[in-house]
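S.K.: Here is how the chains run, residue by residue.
2 protein chains.
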Amino acid sequence: MYIAMNRFQIIKGYEDDFEQLWKNRESYLDEVEGFLGFNLIKSKTYKDYTLYASHSTWKSEEDFISWTKSGAFRKAHQGAGTNKHLYLGSPQFEGFNVVQ
Amino acid sequence: MYIAMNRFQIIKGYEDDFEQLWKNRESYLDEVEGFLGFNLIKSKTYKDYTLYASHSTWKSEEDFISWTKSGAFRKAHQGAGTNKHLYLGSPQFEGFNVVQ
Chain A
3 MYIAMNRFQI IKGYEDDFEQ LWKNRESYLD EVEGFLGFNL IKSKTYKDYT LYASHSTWKS
63 EEDFISWTKS GAFRKAHQGA GTNKHLYLGS PQFEGFNVVQ
Chain B
3 MYIAMNRFQI IKGYEDDFEQ LWKNRESYLD EVEGFLGFNL IKSKTYKDYT LYASHSTWKS
63 EEDFISWTKS GAFRKAHQGA GTNKHLYLGS PQFEGFNVVQ
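Sequence order for the protein chains is A and B. In case it helps, my numbering puts the first sequence at residues 3 to 102. In case it helps, my numbering puts the second sequence at residues 3 to 102.
So that you can see chain A by itself, here it is in the shape it has in the complex (with noise of 0.2 angstroms):
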């Protein structure tokens, strides 16, 4: 199992707006190969930033990378340059493999 994360520092007082982005996006996600879940979660508020990460959970990463090359994942990311006033930064991405 593979899980892929991608982390959000978003600038205080914009968590419902980011919140909304994620309620109203459509993922395409459920069609695609070895696709297991996903979810949006929240960490703590720091001094400048809410921690957020994307966590979704594959089959293998070789299958999460099949996606992040197919056309179901640009269709997903199209407009995702839009919104910059609600990141401290940019998403760090993180990927993991299940060893245990």
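These aren't lab readings, by the way, just hints derived from the structure by calculation. Watch out, some of these pointers could steer you wrong.
If chains are identical, the list can't say which one is meant, so a pair holds when it fits in one copy or spans any two.
Straight line, CA to CA, 25 angstroms or less: simulated DSS-like cross-link-like pairs of lysine-lysine [to be verified]:
1. K14 - K25
2. K14 - K46
3. K86 - K61
4. K46 - K71
5. K49 - K14
6. K46 - K61
7. K77 - K14
If you're wondering where the values come from, they're calculated on a predicted model, not measured in any experiment.
Chain A is already provided as a structure; the job is to place chain B on it using the hints.
M.R.: Quick look at chain B alone, frame taken from chain A:
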């Protein structure tokens, strides 16, 4: 749902030793109220270290907090101070509530 992650920076070359620690560890988690699942997960290797995380899921943040105050938690973490030579810096805890 709540996701508790502890991030570990493991000095290059000690990855197998670190994974072995987790294989041999008795977590006493299975009978803990609200516990859903546990994985040890491995991300990529940076210049000086490999990023790992423990990843556990819980019905609620309250269940997780109760566990950290329990005897089961103390038992699972006894000896956690040994093997310091594996780590670059201290583990970093991050907890996440599922928003969506």
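S.K.: Evaluate each hint against the coordinates.
M.R.: Structure-based check of all given hints:
{"no.": "1", "hint": "K14 - K25", "result": "within (19 angstroms within a copy, 40 angstroms between copies)"}
{"no.": "2", "hint": "K14 - K46", "result": "within (11 angstroms within a copy, 30 angstroms between copies)"}
{"no.": "3", "hint": "K86 - K61", "result": "neither (32 angstroms within a copy, 33 angstroms between copies)"}
{"no.": "4", "hint": "K46 - K71", "result": "between (32 angstroms within a copy, 20 angstroms between copies)"}
{"no.": "5", "hint": "K49 - K14", "result": "within (8 angstroms within a copy, 32 angstroms between copies)"}
{"no.": "6", "hint": "K46 - K61", "result": "between (29 angstroms within a copy, 18 angstroms between copies)"}
{"no.": "7", "hint": "K77 - K14", "result": "neither (29 angstroms within a copy, 38 angstroms between copies)"}
Checked against the numbered hints above, the structure violates hints 3 and 7; every other hint is satisfied.
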